Every structure is written in structure tokens, then in C-alpha cells.
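S.K.: Residue numbers (the numbering used here), protein chains in the order written: chain V, 1 to 448; chain Z, 1001 to 1308.
For the record, the hints were derived by calculation from the structure and aren't laboratory data.
Honestly, I wouldn't trust all of these hints.
Computed footprint of chain V on chain Z, listed as stretches where at least three residues anywhere in the stretch have a Cβ under 8 angstroms from a Cβ of chain V [unchecked claim]:
{"#": "1", "segment": "1027-1033"}
{"#": "2", "segment": "1068-1075"}
{"#": "3", "segment": "1079-1088"}
{"#": "4", "segment": "1174-1184"}
{"#": "5", "segment": "1198-1209"}
{"#": "6", "segment": "1226-1239"}
{"#": "7", "segment": "1257-1271"}
Chain V side only, calculated, beta carbon under 10 angstroms to chain Z, not exhaustive [said to hold, decoys possible]:
{"#": "8", "residue": "I209"}
{"#": "9", "residue": "V292"}
{"#": "10", "residue": "A299"}
Some chain V residues judged to face chain Z by a derived CB distance under 7 angstroms, without partners named [what the hints assert, rightly or not]:
{"#": "11", "residue": "L150"}
{"#": "12", "residue": "L237"}
{"#": "13", "residue": "V301"}
{"#": "14", "residue": "P305"}
Here the structure is a predicted model, which is why all the values come from computation and not from measurement.
Even for Gly, the Cβ is constructed at its ideal location relative to N, Cα and C.
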Amino acid sequence: MGRFPLAQLAPMGDAGEGVQHLAERLLGPGGGMHAWAMATAALVAAACGLVGTLLVVRRMSLVGDAISHAVLPGIVVAVLAGGRPGGPLVLAAAVATALATVWLTERLTATGRMAEDASAGVVFTTMFAGGVLLVTAFASRIDLDPGCILHGVLELVPFDTVAVAGHEVPRGFLTASAVCAGLALAAVVTWKLQVFTAFDPEAAAAAGIPVRGVTAGLMAATALATVASFEVVGAILVVALLVVPAATAELLTHRLHRMAVLAAGLGGCAAVLGYLAAWRLATSAAGMIAVVLGLQYAAAVCFAPEDGLVIRGLRRLALAWRVACEDRLAAYWRAEETRDRCTRPVPVATTGAGRFVDAWLAATGRIARGPGGRLLTARGREQADTVVRSHRLWESWLGRHAELPSDHLHPPAEWIEHHLGADVRRRIEAEVGARARDPHGRPIPPEP
Amino acid sequence: MMSGIPDVVCCVATAPAWLAVPPNTVVVAAGVAAVGVAAGVIGSLAVLRKRALAGDAAAHAALAGVALAFLATGRRDLPVLLGGGLLAALAALGVLVLLRRYTRTRDDAATAIVLSVSFGCGIALVAGLTSRGVPDAAGLEHFLLGHTAALTVADAALLATVSAAAVVVAVVGLKEATLVAFDPGFAAASGWPVAAIDYCLVGLVAAMVIVGLPAAGAVLVTALVVIPPVAARQWTDRVPTMLLLAGLIGLAAAVFGVAASALVPRLATGPLVVLAAATLLAVSLLAAPERGLLPRAWRRRSARRGAA
């Protein structure tokens, strides 16, 4: 194992310089710049993942979409009024615009009598169009341009720096850290309120929680995350950071707090990986971050441990295989029952997939070759007993309770015989009697 | 360039020569106006069916299709690019249907995922092509916010043809679309193929969004489908009247956008079209005789006077 270059870093005696040096060793010349850009992207991605978790579980993903478009005119006006990008004035303007957007959408839904999605579509496209026009009209007075609005300028983040305690730190990084820390703190403090409101707003209102205020707080948090992400990934791809990691995390866990942490982590990973990919492929960092987020989601759809398509397919396959094996064992059991009674061998059909099932049953010691063909072993008989017992008990129970003619009892029993537990079998037996016969007059085997 | 264009269009093109407007601009305006009309008509049906934002995901996905079509053919002809866009839009809608059926992800989150990830692919493709200095690739950025100045007469004819076809389909299927929009349960019980009608409607919306791309751009084109119907809805309770009004409002917005962007080439067309439509919507919300805020306030005042 190679020696970590700590020895070379230590004599410099300056942590900031050391990190820069390490980044340059890892990433090549200019590595420090790339490290700053990646750290900024990861921070805003984590903030968006946190907020997005609540948006996704509240079915408000498209409100996040609308807000991320609609804050643009607020930002532009604040910048024209002398605010710095990422400064407090711009943040406040963005929050105000976001709340105004939500309010306008509600008003339009009420007065215009339109569905909510139509109102949202009207409001956010109009506000975004206004913002783009303002940017174009005052292009000489602000250093935003339509391209920056749409896909961000993550690559330029490291060049706009301010001095903090003697170090040059990118302004975007400072904004991102402040917003990320603030949102994490707010989430920890108000978590219970947010969760209660998200899952049962009526009960929350009845319990005296200011539901509208909690929702407005979430909208304000969305606006803050959006405006911090604006120069990193641009207006439209903020939606990717808000929704995709949260939806990915939702596929991976069923607990809300785990989902929030996971979403923040996934967002951060995607930001770093997307940046590196964009750098290698010489393309837009924001675009590649969205692509990586999409790949993460696709991977979760396929391979999530409980809900993934692969595991669900395997589970279905395993069930089908178990049903096939049990049906086959029951067929042998019935063949032997008939043979015992009338001393006439009944051939058990062996066709198609049945051959594989037979091979598997023989390999696992549940059937074996005997004098008159294949016979159940003791172990196979035990399992077959259970299946046939479930089948016949269910037929008896249906015959008593469902008023079905006796030739309609077989199909439902054929289906449920694979799913009845010992407890249900015992209760049915207690009802129909221990030595009862099934509706076709055949004996019900005892519990093995 | 003018070959294959109907004579009527040529007459329209040459008539306002005395206005000193380039004839090309007039033809392009006519093509985009046709898109505005058709988007208003189709959009009305979509908004009534509560599928207003179906076009948004399709429009964002179209950017990747446009870039891929350019990459595959190396040509920047509008029919090729829009064909690629349409394929990508339909693919995105297909993925959306699959996500809804086979995952736990909620509908709105699935829409946002398809929209943002496909748009990210598009941005990455366009930026990658531009940074490699591929000739002509820079023009692809015009599909983001709309830019009609570069359209040719043949392009305008294509837009107008597709729009006309879409309007014909919508008018032929008007009864079915209205039924499904207002009472899907009754429609299904009467044996109408509700799902198929919905797929047709969303397909039409996707087609409108694609032909709207040159005028309004991927980001804002959904407004062409949403705003005129909402404005028209304020004036009437009749579906055919709403379709007609929405078409007219779409036409006015499109013509204004093209004209303003022709006068000030620096401005992208998309925001202008959207703001023109939004202005008409604001007028409708204030002044529509039955529902408008001003007439309602006036009636309330006179009622109060009458009571006193």
C-alpha cells in the first residue's frame, strides 16, 4: 500500500493550503478549483435532498418545480436593486417570490376555477418568462445571462472569492454552507411538526399545529435551497436535485428520517460524480449531475433491496417454483392414495417444466424411484400431507360457509393450499371436526 | 426556397412589402400563428381533462431528442430536429407510464424525475457538442428559449401543416374528448376506450409542444398549451366557444412574440409569447363579464346599494 502524502503536507503548516495541495495531487493542476466547485455542488445538493424529501412525501414535487422557476424575477430584481448574488437581500427576495407564487397559484385556482396544475403552469411560466426578459433587458447591469439561468455556471464558482480569515473562499461555497447548515438546523428543530403535517394535515390542524405556517415554512425552505443552487445547476435542474434523490431514497427505505439523510447523501455523491464526469467529457456539470441522479434512480428502481424490480421478480419466481413443487408433491400424494384404494397404478404425467420440478424434488430427497415408478419419500410425504391437508380443509370450510356447489370448491382450494398457515388449519379443523372427511368424501390427512 | 409552398402563402408573403417588413418574417409569423391557434385548441382539451402539465415533461425531454437527431444526422434541418424531439418526447411519456405502473414513486415525483433528468441529458449533449466546436451546434441553444428569426419559409409551412392536422384531429374527436374530460366514469361505462382517448390527447399535446419549440423553447412552450385555455375559460362555459377563443388568444400571443422578437433580435421569442398570453389572461381575469373580478365587484356594489 502506497504511503499517503501526509508527510509532504504537514510541513506546510496550513490546513487550507494543505487541502488545496492534496486536491491538486489527486485531480491534477487546477485541482483546488475543482475541489471548491465539487464541495459547493455537494452542499447545495444535500440541502435540496433534505427539502425535497418533504416535498416528495407531501406530493408537492411539482410545487418545487414551480418555485424553482418562479424565484427568477425576484432574484433579478434584488440584484438590480444592488443585492449580491447569494447575499441576504437576494435570499429574502427569493423567499418572498416563492411565497407569492404559491399564494398566486391558490388565488388563481379559486377565482379562475381551474385545476391546480393549470394554475401552477400559468404562474410559473409567466414569472420565469418575466425573469428571462428582465435578464435580457438589463444584461449590461447584471452578470447573469439566460444560459446561466438555465444551466448554471458551476465551473465559475471558484473564481468569485472573498477573504475569510486570511483564505480566499468562493462566495458560492459560503452561501451554500450557510443555507445547508440553516436548513439542516431548521429540519432538526421542526421535524416533528413537518412530519405530522405531511402525513395527517387534518389531525395536525385539530391538534393546534399551524398547518398553513408549516407549509409556508417548507415553501420558504424550498426557495432558499433553490436560490443557493441557482448559480450551481441553474433554474430547471434544481428540480432534479429536489426530487430525484428524495425519490431514490424513498425506494431504498421506509423510514422518513433515513430517507432525508439518504437523499442528502445521494445528492452529494451525484454532485461530485456528475462534476467529475462533466470535466472528463467536457460538457455541462449541471447536465451531468442530473444524468447521474437519473442513473442512481434507475439503479434504485432495479436493485432496491425490498421494492426493486429484480428482487420482486426473483420473489415472484421463487413463489412460482414453490407452488410448482408443492403441486407436484400433491399430485404424487393423490396418485398413491388412488393406488392404495384400487390397486391400479396411476401414472403421474411428466411433461415440460414438470421434468425440472421432478429432478429438483429427486435431488432434494423428496421423491425416489420405487417398484411402480416414482414414490414420495418420508420427507416428501410430510410436505405433501400439509398441502393436501390445507386443500381439503379449505374445501370443507368453503362447503360449510360459501354455499358453493361441490364442483366449485376445488379451484379456490388449489390456489390457497400454498398459503394457509398451521394456525388457520388448526382452527378450521376445530370447526369441522378432527375425523371429518372433505366434501368429496375423501379423508383429510392429519397434521404431520 | 418558395417551391412547394402554396400560392396563398406566397401572396401573404408579398402583400405587405410596402410595410418594409421582410416577407420572410411575415411567413414565419403566419406559421407560428398557426401553432398558437392549434396549441390553444389542443390545450383547451388538455386543461379540461386536467392534463395541463402533460406537455411539460415532453417539452423538456425533446431537447435531448433534438440534440441526438443533430448528432446522428449532422444536419440542422428543422424537420429532422423536430422529428428527433418528438421521438424523445414520446419515449419520455412512455417511461413515465412505466414508472407509474411498476414503481412506488408518486405520479408528481415521476413527472418531475422524467422532466429534469431528460432535460439534464439534453443540456449535457448540447453543451458537449458546443464545447467540441461542432459547426452549427451553437444554434441548438435556441431550442431552450425559442428563436424564430432563423426559421425559413419551408419550416413555417411544416409548423402550419402539423398544426392544421392537429386541429382537424381535435375537431373530429371533440365529442369524445369532451365526454372523457367531463365524465370519465360515464364514458368508460358507456364503452368508450377512455385510456386510448387519453393517450391520443397526450400524443396531440406532445405534437403541439414539439412544433411550439422553435417559437417558445423547451422551457416555456408548455405555457402555449396552458395559458390561452385558462384565459378563454373565463369568458365562456361552452366547449366549442372556449376552443375558438383559446385559439384566437394563442394566435395573438404568437404573433406578438414573433413581431417583437423580429424588431429586437436580442430578445428570445419564448418569454415574449408567454408574457403576451399572460397579459391577455390578466385582462380576462379582470374583465370577463360573468366571472371577471371587476364586473363581480360592480355587481356586488350595486346589489348592496339596492339592498340599502
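S.K.: Look at each hint and say if it fits the structure.
M.R.: Consistency of the hints with the structure:
no. : hint      : verdict
1   : 1027-1033 : violated (count 0)
2   : 1068-1075 : violated (count 0)
3   : 1079-1088 : violated (count 0)
4   : 1174-1184 : violated (count 0)
5   : 1198-1209 : violated (count 0)
6   : 1226-1239 : holds (count 6)
7   : 1257-1271 : holds (count 5)
8   : I209      : violated, 23 angstroms
9   : V292      : holds, 9 angstroms
10  : A299      : violated, 13 angstroms
11  : L150      : holds, 6 angstroms
12  : L237      : holds, 6 angstroms
13  : V301      : holds, 5 angstroms
14  : P305      : violated, 13 angstroms
In summary, the numbered hints that this structure violates are 1, 2, 3, 4, 5, 8, 10 and 14.
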